[in-house]
Amino acid sequence: MMLTHEEWQALGLSAKVALWSTALCLPLGIGIGWLLARREFPGKLLLDALVQMPMVLPPVVPGYLLLLLLGTQGPLGGWLESHFGIVVAFTWKGAVLASAVMAFPLMVQPMRLAFRMIDTRLERAATTLGAPPWRAFLTVTLPLALPGIIAGSVLGFSRSLGEFGATMAFVGNIPGETRTLPLALYNFTHVPDGEMAALRLAGLSLALALMALLASHAISRRAERLLGYADPRGARAQP
Amino acid sequence: MLSLDLHFERGEFQLAARAEIGPGVTGICGASGAGKSTLLALLAGLLHPSSGCLRFSDEALVDTATGRFIPAWRRHFGLVFQDGLLFPHLSVRDNLLYGWHRLEPGERHFDLHTVLELMEIGSLIARRPAQLSGGERQRVALGRALLYSPRLLLLDEPLSSLDDRLKQQILPFLKRVKEETRIPMIYVSHSRPEVDYLADRVLTMESGRLLVESPLPADGRGMG
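Protein chains in written order, with the numbering used here: chain A, 7 to 245; chain B, 780 to 1003.
The hints are simulated quantities; they were obtained by calculation from the structure and are not laboratory data. Fair warning: there could be bad hints in the mix.
[What the hints assert, rightly or not] Coverage of chain B stretches by chain A, computed from C-beta distances (three or more under 8 Å per stretch; other residues unrestricted):
| no. | region |
| --- | --- |
| 1 | 837-848 |
| 2 | 857-870 |
[Stated by the list, open to error] So the derived label-pair ranges between C-beta atoms look like this:
| no. | chain 1 | residue 1 | chain 2 | residue 2 | range |
| --- | --- | --- | --- | --- | --- |
| 3 | A | G84 | B | A844 | 55 to 63 Å |
| 4 | A | G18 | B | A905 | 39 to 47 Å |
| 5 | A | Y70 | B | A905 | 54 to 62 Å |
| 6 | B | S902 | A | R44 | 31 to 39 Å |
| 7 | B | E985 | A | V62 | 39 to 47 Å |
| 8 | A | F143 | B | G885 | 53 to 61 Å |
| 9 | A | P48 | B | A844 | 29 to 37 Å |
| 10 | A | V93 | B | S829 | 53 to 61 Å |
| 11 | A | L25 | B | A795 | 55 to 63 Å |
| 12 | B | R955 | A | L25 | 54 to 62 Å |
| 13 | A | P48 | B | E985 | 54 to 62 Å |
[As the list claims (entries may be wrong)] Computed list of chain B residues with no C-beta within reach of chain A, every gap over 12 Å:
| no. | residue |
| --- | --- |
| 14 | Q793 |
| 15 | D890 |
| 16 | L891 |
| 17 | S928 |
| 18 | D979 |
Source: prediction; values computed, not measured. Cβ atoms here follow ideal geometry from the backbone N, Cα and C, with glycine treated the same way.
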């Protein structure tokens, strides 16, 4: 399939935005996923609701709120610009932020589930073998949660690739800067003779989504086998 | 050696234990729900007592009066759990060496080879815990605790998940550990014959209270 320069640009930008968004969400997702799975604290319900919120809101709403907050006139946006010279509104960095906010709930959920499934007695066993809690976390908890962390990351990455509403509201549709794959597709449906290009981009999106899902499945299967959840010989040995 | 005076409350459950425990193997017997596992968790540092103190040799591990609490990872005790609790993502070899890696070279009293021979698990070294039988798993768990060169070895019903035939196979390993390593042990079990076979003295737990018991019969080998 031959792509035009414009289409390549949109694809490249989508990949860049999705990678940054995933990288941004990953440590935060692990932290909040663990917190929600393992700890009781005041305000937990609120944090939980806040994390899930973007999933049930129309995406334009978080995008618009980001604009109010981080636009050059916004309180945080003005501060960032005057102190650090960083402008996020109507730049690709803003597209990363918008994608991250929208992808975060999808990323946290599998991680949280993974942390919950781990037998906490394994961590206690590690501490009786001389490992302080942080080391038990790094050597036992984190590797055991790996399938969920990978699944969450792939989901978040795919969601970021396809982010539309929040991106449009926050950073607009600027070729080469914020026009990612779905925005380019949207654009082509509005210009004369754009149908073929729109169709190509739709096909490309389908292929990417399918690849991501298959990769996620293969990686988690492999991780589960490596972690000993599934016996490579098929059946569990009998005592 | 180990001197304890511990109280622990959680809801309705109350535990009170006061004892001086010497070297060798001390058995703690009692019905399930009597608080044996809770007592071991208190000794291991996995639980905070409501009040009381705990000393090992000259070292104060717990004293609620002064707020002293040495956490599990700094007590240097080994704990073998009922179901082994091997790390499922690590090979047998990496499981065995988990605690060993946490030690300074001078603190390592056993090497991998010695423990592999003692527990007869050399052929299992490359396997994952999911590929082990119940008996093999417990031998690896015991080996893992030994390689950590513990000052005191706590055993929490290490045989209760095994059938009788396997118990008879593992008990000699435990005896071997007792005779060859000289690590003081506290062996908790609901099975009196098991305790009699291994222990030099036996304490009983009854609804949260630790009772000191009469000495063992001269021939403690009456395995049922």
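### Task
Evaluate the given range 55 to 63 Å for the C-beta pair formed by L25/A and A795/B.
holds (59 Å)
### Query
Can we confirm that no CB of chain A comes within 12 Å of the CB of L891/B?
holds (15 Å)
### Query
V93/A and S829/B, beta-carbon distance inside 53 to 61 Å?
Once the Cβ atoms are compared, 57 Å apart, the range 53 to 61 Å for S829/B and V93/A holds.
### Query
Taking 12 Å as the cut and beta carbons as the points, is D890/B off the interface with chain A?
Fine: 17 Å to the nearest Cβ keeps D890/B off the interface.
### Task
Return holds or violated for the Cβ distance of Y70/A and A905/B against the range 54 to 62 Å.
This hint holds: roughly 57 Å between Cβ atoms.
### Query
At the C-beta level, are P48/A and E985/B separated by a distance inside 54 to 62 Å?
Violated: the Cβ-Cβ distance is about 40 Å, outside 54 to 62 Å.
### Query
Should the hint that G84/A and A844/B are 55 to 63 Å apart at their CB atoms be regarded as holding?
holds (56 Å)
### Query
Using the C-beta atoms of S902/B and R44/A, is the stated range 31 to 39 Å upheld?
Roughly 38 Å apart at Cβ, these two residues keep to the hinted range, so it holds.
### Task
Compute the least Cβ-Cβ separation between Q793/B and chain A, then decide whether it is above 12 Å.
Consistent with the label, Q793/B stays out of reach of chain A, its closest Cβ about 23 Å off (over 12 Å).
### Query
Is the gap between the beta carbons of R955/B and L25/A within 54 to 62 Å?
With a Cβ separation near 56 Å, R955/B and L25/A satisfy 54 to 62 Å, so the hint holds.
### Task
Would you assess whether S928/B, listed as outside the interface, keeps its beta-carbon beyond 12 Å of every beta-carbon in chain A?
violated (10 Å)
### Message
Given a hint of 39 to 47 Å, does the C-beta separation of G18/A and A905/B actually sit inside it?
### Response
holds (44 Å)
Of the hints listed earlier, those the structure fails to meet are numbers 1, 7, 8, 13 and 17, in rising order.
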